[in-house]
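*Asks:* Sequence:
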Amino acid sequence: QQATALESQLNKSLDTSPAAAKVMLELVGLYYKEGRVFGLVRVGERFAKAQSRHPEHRAVMLKLLDGLEVMSRREDFITIGRQYLSRYPDSAEALDVALRLSDALERNRKRAEAADALRLLWEHKPVAARRKAAERASELYGQEGNHRLRIRSAQLAESLMEKLPASPYTVRCGFRAVHEYRHLSRWAEANQVAIKMFEKRQPLSRVMQHELHGLMAASYASQSQWANADASLRKARALRDSPRMAA
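In our numbering, the protein residues as written are 522 to 768.
Treat each hint with caution, since some may be false.
Restricting the straight-line Cα-Cα distance to at most 20 Å, the calculated cross-link-like pairs of lysine to any residue (SDA-like) are [said to hold, decoys possible]:
id	residue 1	residue 2
1	LYS684	ALA739
2	LYS646	PRO610
3	LYS570	LEU535
4	LYS721	SER745
5	LYS543	GLU577
6	LYS717	PRO689
7	LYS684	GLU656
8	LYS554	LEU535
So the derived label-pair ranges between C-beta atoms look like this [as the list claims (entries may be wrong)]:
id	residue 1	residue 2	range
9	THR525	LYS570	18 to 28 Å
10	ARG669	GLU577	40 to 50 Å
11	TYR609	ASP536	18 to 28 Å
12	GLN530	ILE672	26 to 36 Å
13	ASP751	ARG628	17 to 27 Å
14	ARG574	PHE719	42 to 52 Å
15	PHE719	PRO610	26 to 36 Å
16	SER538	TYR609	15 to 25 Å
No lab work stands behind these hints: they were computed from the structure. Even for Gly, the Cβ is constructed at its ideal location relative to N, Cα and C.
With the sequences and hints as input, model every part of the structure.
*Replies:* Structure follows, in structure tokens:
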């Protein structure tokens, strides 16, 4: 009965009016609380469209996204999700929305677009709290056979290594970037990442340092930079003798 009365009241006002905004907020709250997703989505869409400058716009969009997800209206979820991230990229909920948007795009077999959504969020604010976005985007790009997208995978791993405080996690990101670049025969980029790892004083064990110098030597050799390859090889041997390196 309450919803019926509110719906009747809503139909007497323009959606853009303050009076309609108040009624729509009551309806959205009521429908959300009672799990009435059809009403939630219907009124939520009206509010999101007509009251774009209202202080509660962000909160309504989040409820609308929940409703669209429950109804499996994936295309609409993708549209509203993108609108939300475009408008509220700094919100506390932005990462969750981006991950859900990425999942919806991946289910629609749009893996590159799924990665793009996460990459854009990371690039907007590359902080530790959003590392999951960059990490997942790098994985998605890396699953593509497209050379250009594989480069993005490496670039994101490199960005994680550079932007976040040095830790075992950033070491793994650095090695991922090096291996991705080498897989793509981007020898110079691979060595640039390796050099940054040493310069940033990443927590590299002797075994890791040995491996990194060995990879650098191989990358230099692939570019016919024999002097640099020899120097890296000497550094690797100084850390740990290896029959493979001496061969």
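*Asks:* Taking 18 to 28 Å as the stated bounds, is the beta-carbon spacing between TYR609 and ASP536 within them?
*Replies:* For TYR609 and ASP536 the Cβ distance comes to about 21 Å; the hint holds.
*Asks:* What's the verdict on LYS684 and GLU656, does the C-alpha distance respect the 20 Å limit or exceed it?
*Replies:* Distance of about 13 Å is within 20 Å: holds.
*Asks:* Hint says 18 to 28 Å; check whether the CB-CB distance for THR525 and LYS570 agrees.
*Replies:* Because 23 Å falls inside the window, the suggested range holds.
*Asks:* Within a Cα-Cα threshold of 20 Å, do LYS717 and PRO689 meet the stated pairing?
*Replies:* With Cα atoms ~15 Å apart, LYS717 and PRO689 stay inside 20 Å; holds.
*Asks:* May I ask you to test the hint 17 to 27 Å on the CB atoms belonging to ASP751 and ARG628?
*Replies:* violated (51 Å)
*Asks:* Per the hint of 42 to 52 Å, is the separation of the Cβ atoms of ARG574 and PHE719 within bounds?
*Replies:* holds (51 Å)
*Asks:* Does LYS554 pair with LEU535 here, judged by a C-alpha cut-off of 20 Å?
*Replies:* violated (25 Å)
*Asks:* Taking 15 to 25 Å as the hint, is the beta-carbon distance of SER538 and TYR609 inside that range?
*Replies:* This hint holds: roughly 24 Å between Cβ atoms.
*Asks:* Quickly compare the C-alpha distance for LYS543 and GLU577 to 20 Å and report which way the hint goes.
*Replies:* holds (10 Å)
*Asks:* For the pair GLN530 and ILE672, does the Cβ-Cβ distance stay inside 26 to 36 Å?
*Replies:* violated (56 Å)
*Asks:* For the pair supplied as a hint, LYS721 and SER745, confirm whether the alpha-carbon distance does not exceed 20 Å.
*Replies:* violated (27 Å)
*Asks:* Would the pair LYS570 and LEU535 pass a check requiring their Cα atoms to be no farther apart than 20 Å?
*Replies:* Measuring from Cα to Cα gives roughly 12 Å; hence the hint holds.
Consistency note: the structure conflicts with the earlier hints numbered 1, 4, 8, 12, 13.
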